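Trainee: With chain C fixed as given, assemble chain P onto it according to the hints.
Number of protein chains: 2
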Amino acid sequence: MRDAYVVGAGQSAFGSFPDESYRSLFRTAVEAAVESVPNGFALADVEEAYLGTLGVGGRQLGLPGPACTEHVGLDGTPVTRVENACAASGYALRQAVMAVRAGMADVALAGGVEVMTDLSDEAVRYWLGVSGETEWERLSGTTFAGVYAQMASAHMREYGTTAEQLSAVAVKNHDNAAHNPKAHLDFTCTLEEATEAPAVAEPLTLYHCCPTTDGAAAALVVSEDVVEEYTDAPVRVAGVGAAADRVGLFQRDTYTAIPASRRAAETAYDAAGLDPAALDFAEVHDCFAVAELLAYEDLGFCDRGAAGDYVESGATRPEGDLPVNTSGGLKAKGHPIGATGAGQVVEAYDQLTGRAGDRQLDDPVVGLTHNVGGSGGAAVVHVLERADRREGPA
Amino acid sequence: MRDAYVVGAGQSAFGSFPDESYRSLFRTAVEAAVESVPNGFALADVEEAYLGTLGVGGRQLGLPGPACTEHVGLDGTPVTRVENACAASGYALRQAVMAVRAGMADVALAGGVEVMTDLSDEAVRYWLGVSGETEWERLSGTTFAGVYAQMASAHMREYGTTAEQLSAVAVKNHDNAAHNPKAHLDFTCTLEEATEAPAVAEPLTLYHCCPTTDGAAAALVVSEDVVEEYTDAPVRVAGVGAAADRVGLFQRDTYTAIPASRRAAETAYDAAGLDPAALDFAEVHDCFAVAELLAYEDLGFCDRGAAGDYVESGATRPEGDLPVNTSGGLKAKGHPIGATGAGQVVEAYDQLTGRAGDRQLDDPVVGLTHNVGGSGGAAVVHVLERADRREGPA
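Residue numbers (the numbering used here), protein chains in the order written: chain C, 25 to 418; chain P, 25 to 418.
Chain C with its partners taken away, still in its complex shape (with noise of 0.2 Å):
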């Protein structure tokens, strides 16, 4: 098996272009990754291409691959449209790296591409809800918004979590995204806005929940073989692991964790050599404030039912132990549901690479992303590493 190496990554800005078409989006992202390689880039190099799109509003639902991929020159490069609802790209980059490593590219481009802003609040509805179990949660009229404040609602009830907790995350990355220039909410809140906002979906808030975002992100996943021509600065895909559940809430066993992102991290964990102690920095799925929290209990950044009080000590602000959604995560970056993986993976990048502006972490040598599909019926964990930096073997 040959190692694969993220050598670019590039998104358009996150938030709401009318002016822009899913494709013109893409192309954008793409640009912005072959613009990223240290060493220069010839996109007709790409060998393979994946897309990650739900395909909302229903722009191009069959073949979005290739009506992506012409309009960035690719015309004849093989592309395949990766779908697993808000996971589409981390699912994406997975299918890149595979590709990769089974010796069938050198080089691969793993993207994704949502817009959804022209649309009426309806049809927003309608396209969110085609991710939810159809026949009890979407057709009974369960948005996400109610999926999670029932997560939220557990939580809080198990383990004693509170609403200011909820809130900490939505501060922390509201903090973040007002230095993120590619961010949607680009401003910051306060605890109290956050928490007396008006309900969404009781007990989460309208702070408690992602914007609806137009956006699209692309990473450049190369072999071993071909990786020095393109980078001194190698980020090593040193750890995959994906994995299925239920689709639906109400048909798992736990309402307080997400059973596929705590084996999906247990899968790229074991790959990687290392356990969650060794992270330098994480960009996890915070669709709502409260799946952060589950996401530092189940990827194992904080004991089981301890991640309000985790998130309240600060450890995953830029300056604490464990940094988490530097770029504003999906709350307050955005949340373009096909793009939303591949730019976890951006973000990535740019923190291992230096390329993270004011929002820079102090030389992090390993990170993760952590990119969920519905409330759980797919996750799929990528740990990320400069290979160059990494103390101990290789």
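Treat each hint with caution, since some may be false.
As the list claims (entries may be wrong) - Each pair of labels, with its calculated beta carbon distance range:
no.	chain 1	residue 1	chain 2	residue 2	range
1	C	R414	P	P205	53 to 61 Å
2	P	D294	C	D277	34 to 42 Å
3	P	S164	C	D387	51 to 59 Å
4	P	R181	C	D145	47 to 55 Å
5	C	D277	P	P205	36 to 44 Å
6	C	T214	P	V250	56 to 64 Å
7	C	P62	P	R181	50 to 58 Å
8	C	D145	P	P62	49 to 57 Å
9	P	E336	C	S48	29 to 37 Å
10	P	D142	C	D256	55 to 63 Å
11	C	A68	P	P300	23 to 31 Å
12	C	A68	P	D294	49 to 57 Å
13	P	P300	C	E253	33 to 41 Å
14	P	E59	C	F211	56 to 64 Å
Unchecked claim - With the C-beta cut set under 7 Å, the calculated list includes, among others, these residues of chain P facing chain C:
no.	residue
15	Q84
16	G86
17	A91
18	E94
19	D99
20	G100
21	V103
22	V106
23	E107
24	A126
25	V148
26	V154
27	R181
28	A267
29	A268
30	A402
Because the hints were derived from the structure by calculation, they are not lab data. All values derive from a computational prediction rather than experimental measurement. We put the CB at the ideal spot given by N, CA and C, even for glycine.
Mentor: Okay, now just chain P, sitting in the frame of chain C:
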């Protein structure tokens, strides 16, 4: 790179099944695949799964992967939805092969499903249309029958191909389907009936078009390290090829070929180390009769422009030099979009392992499957061989 083998494949019947769901059809296909493994197979061995579906009807547009795999008890196994329109499960098989070759799974499942017959004619037209180029084909009212009719007209004008030659494809594939208990249109037709049937889109008549079909299919793919546990009749994935192209027919250089098919086939032949003369049979993408003629030329079965004469010669009938679509093809076996690619693999597996009943060819060793997305925006080709019976070096 490890070799990958198909050790089992099965499908539901293709047809109209108002009492079935996409999940019950998927389960039937998976059970048939498991049943087909010579030395037995425990579904719990599956470490990785891919589901090809367009999601026709919008039943579970997000996360159909876990929605299907949970229904067969694979709740936790990583599963990824793969979509390239009508080539969805051809690409799902390719991803399963990649997972095995990458060393990320020893045992993988690739399946596909679609339910279409419970929709209105208008809804079917919409859901097929979403894989056309959106702005200039779909939204201007062009159907896929219309797009392929343009190819047929061009081929007739350029090469003198006749309506009777188009009908010869239909007659052959209906004859074959009449021997396939899983086929949707299991009746024969005459050359006259096919030629004189009402036009769907001139010059294509009703008999030149595939039906709207429900169905599911699945294949089990394992690594060389474990293949001997499952079978003494190993079907090796000798070659895989994929290619993309502009989504819209009008955007390409030719109306009389599908260039993505040609390039996918070249890649697959190169990987397998053989040329078309080595094939004992093929399942090709005959969504319309003209598509089978184009496939003959794109896949190198005959010279460019000679496909009409080739089919009239009988070469592709079961008793001919290169039997094509012994299953009945999309034309008569049926075309449940997401299930079609995996369904082709079922026929190939059955032929290579002597399970094809009344359609059984005389000891075939090498077969090909060819699956096209849209009008040629994507194509994928697999060369499958009985590794134990191929002459010359392995």
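Trainee: Tell me, which hint numbers fail for this structure?
Mentor: Hint check: 2, 9, 12, 25, 27 fail, others pass.
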